[in-house]
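Positions 924 to 992 (the working numbering) are the ones given, in order, by the sequence shown.
Hints may contain errors.
Pairwise CB distance ranges (calculated) [claimed, not checked]: (1) V991 x L969: 30 to 38 Å; (2) V985 x V948: 49 to 57 Å; (3) V943 x V981: 55 to 63 Å; (4) V976 x V947: 26 to 34 Å; (5) V989 x V964: 51 to 59 Å; (6) V965 x L928: 53 to 61 Å; (7) V967 x V944: 32 to 40 Å; (8) V985 x V950: 46 to 54 Å; (9) V992 x L969: 53 to 61 Å.
Quick caveat, the hints were computed from the structure, so don't treat them as lab data.
By construction, the Cβ of each residue, glycine as well, lies at the ideal position given by its N, Cα and C atoms.
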Amino acid sequence: MRYKLAAAAAAAAAAAAAVVVVLVVVVVVVVKVVVVVVVVVVVVVLAAVTAVVVVVVVVVVVVVVVVVV
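Given the sequences, and given the hints that come with them, work out the whole structure.
Take a look at the structure:
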């Protein structure tokens, strides 16, 4: 009887360890996905800001050229 209880306890511990490993893997994957999404958003925002700055600089240069000439 003791061996059956010990085997059941060992099986339960192994199952709990497997669940913990799966949860850790899921958390790591979710964190990686969040990091990728944040990086993509930052790159898109920086690209948009760069485009706006380029447009503003071009407009200012055109206005200065028109006013000076």
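(message) Could you work out which of the previously given hints the structure breaks and list their numbers from low to high?
(response) Of the numbered hints given earlier, those the structure breaks are 4, 5 and 9, listed in rising order.
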